[in-house]
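A.B. asks: So the chains spell out like this:
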Amino acid sequence: MSTHYDIVILGAGPAGLTAAIYAARARRSVLVLDTGTVGGQPVLTHAVANYPGVAETSGRNLVQVMAQQARDFGAEVVAFARITEVDLAGEVKSITLRNGTRYTATAAVVATGGVPRKLGVDGEDRFVGQGISYCATCDGDFFTDRPIAVVGGGNSALEEAVSLSRYASRITVIHEFDHFQAEPWIVAEARANPKIEFLMNQRVLGFTGESALAAVRSADKDTGDLHETVVDGCFVFVGYVPNSAVLSDQVKTSERGEILADEALRTSQPGVFAAGDVRNKRVRQITTAVADGTVAALSALDHVNEAVT
Amino acid sequence: MLQTGLEHIESEQAFQETLEKNENVMVCCGRMGPMCLPVYDIMEELRPEYTHVAFRDMAFDAPVGRVIRSLPETAGFMGLPFTVYFKNGKVVAATSSIQSMDQVTAILDEQFGAEG
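Just so you know, the sequences run in chain order A and B.
The opening position of the first sequence corresponds to residue 1 in this note's numbering, with each subsequent residue numbered one higher.
The opening position of the second sequence corresponds to residue 310 in this note's numbering, with each subsequent residue numbered one higher.
Treat the hints as calculated values from the structure; they're not laboratory data.
Since the structure is predicted, the reported quantities are computational estimates derived from the model, not experimental observations.
A couple of the hints might just be wrong.
[To be verified] Among the chain A residues that face chain B by a calculated CB cut under 7 angstroms, a handful are:
| id | residue |
| --- | --- |
| 1 | L44 |
| 2 | Y51 |
| 3 | V128 |
| 4 | G131 |
| 5 | S133 |
| 6 | C135 |
| 7 | F142 |
[Claimed, not checked] Have a look at the derived ranges for each label pair, beta carbon to beta carbon:
| id | chain 1 | residue 1 | chain 2 | residue 2 | range |
| --- | --- | --- | --- | --- | --- |
| 8 | B | E382 | A | L260 | 44 to 52 angstroms |
| 9 | A | R27 | B | G398 | 54 to 62 angstroms |
| 10 | B | A384 | A | R117 | 24 to 32 angstroms |
| 11 | B | T360 | A | T309 | 27 to 35 angstroms |
| 12 | A | D87 | B | G398 | 27 to 35 angstroms |
| 13 | B | S409 | A | V121 | 18 to 26 angstroms |
For each residue, glycine too, the CB sits at the ideal point set by N, CA and C.
If we strip away everything but chain A, and leave its shape as in the complex, we get (with noise of 0.2 angstroms):
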């Protein structure tokens, strides 16, 4: 089975559910995919207070008005889809379903986001859930009066960090660098809360214990000097890494795997764009997310009239 659309949208978090609201608004078949559940990253976010317009809500519950606005415009959102081939390449661009479904379309807007960048050491896939956690809020009252540690030094470790010490006993902030990526005043938040210590220019070597996490290994990275903060958990808060990898080299990525693209967010693929945290920028916003969405909407759709036209 085939089925051909204006515009493919791979990815249904802010930016690819932005793209899909424009393009199905403009009257144009749209088909949004994702692997996952619809949303992206925001449906891990307990609490979202800053996207204007909108008071304090679950970022689940933000998506949710997205998806069912893209829906309204006549947009086709897929959750779970099970993609086996993905062919950005030549004028129709393809993608393939574990169930031999078939799509094509003229355009395609790659929104595909991130996922939490693990730290890739010894034992971290062998604690998670039994010490390590990727999230405070859900994950936070198993460590009441337990000592923790907080890998990570940007905004989201240490806020995490401020927020963890409600339940933990001692907070151990493990950072590679020897100053923090975050804003001024969480830092100041952090060093002010008497639970928290910080323990610097650390590489993290790896994660010990039985049958559950005991204890954090990690080395100064200047002296070589061996650290191990012995803990009942650890918070692990390192950014994250873009989903470019099913597209492989069907379009220029930076170093980091990011994808490349102009103002108007054309990749080097013609017909291909890109809009959210999957793109090579600095600022990873929801309000981000959603602007590179309009902005990708919009290219797309002048692409496609170019192409019928």
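Let chain A serve as the given structure and place chain B on it in line with the hints.
C.D. replies: Frame of chain A; chain B shown alone:
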């Protein structure tokens, strides 16, 4: 009460009946939090394909949650949700924290056989 499209297990009696009446059971015990919601979504998505599996959820903080929290197989779990797979009433697999579609289907296929 969880706001999902799954059947909820709300009492220990209902839990026992679920295990007695179904050969293959997957129970996700969690909250309405960011690590749990994707697993409920995955279960709802798989339900039409895996008709030989009973998909259920359970509120972690409700009294009935004790039946999952107290299992030997979930001792040491410190990440929501706790997801437990039962075959003929016996635990055959258990996971802690968020899982992907591929991770869930790998367990379902291994323990219960591919989609029915």
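A.B. asks: Please go over all the hints and tell whether each is borne out by the structure.
C.D. replies: Consistency of the hints with the structure:
Checking A/L44 against chain B by beta carbon gives a least distance of about 4 angstroms; that is within 7 angstroms, so the hint holds. Hint on A/Y51 is violated. Least Cβ distance to chain B is approximately 16 angstroms, over the 7 angstroms limit. With a least beta-carbon distance of about 6 angstroms to chain B, the hint placing A/V128 at the interface is held under the 7 angstroms criterion. Residue-level restraint check for A/G131 holds (minimum Cβ-Cβ distance to chain B is 6 angstroms; threshold 7 angstroms).
A least Cβ separation of about 5 angstroms between A/S133 and chain B falls short of the 7 angstroms threshold, and the interface hint therefore holds. With a cut of 7 angstroms, the hint placing A/C135 at the interface with chain B holds, because the nearest CB-to-CB distance is about 5 angstroms. With its C-beta approaching chain B no nearer than about 4 angstroms, A/F142 sits inside the 7 angstroms limit, and its interface hint holds. Between B/E382 and A/L260 the beta carbons are some 47 angstroms apart, a value that agrees with the proposed interval 44 to 52 angstroms.
Checked against the hint of 54 to 62 angstroms, the C-beta distance between A/R27 and B/G398 comes to roughly 55 angstroms, which is consistent with it. Separated by about 30 angstroms at the C-beta atoms, B/A384 and A/R117 satisfy the suggested range of 24 to 32 angstroms. Roughly 49 angstroms separates the CB atoms of B/T360 and A/T309, a value that falls outside the hinted 27 to 35 angstroms. Remark: the range hint 27 to 35 angstroms for A/D87 to B/G398 is contradicted by a beta-carbon distance near 47 angstroms.
Range check, B/S409 to A/V121: about 21 angstroms between beta-carbon atoms, so the 18 to 26 angstroms window is met.
Checked against the numbered hints above, the structure violates hints 2, 11, 12; every other hint is satisfied.
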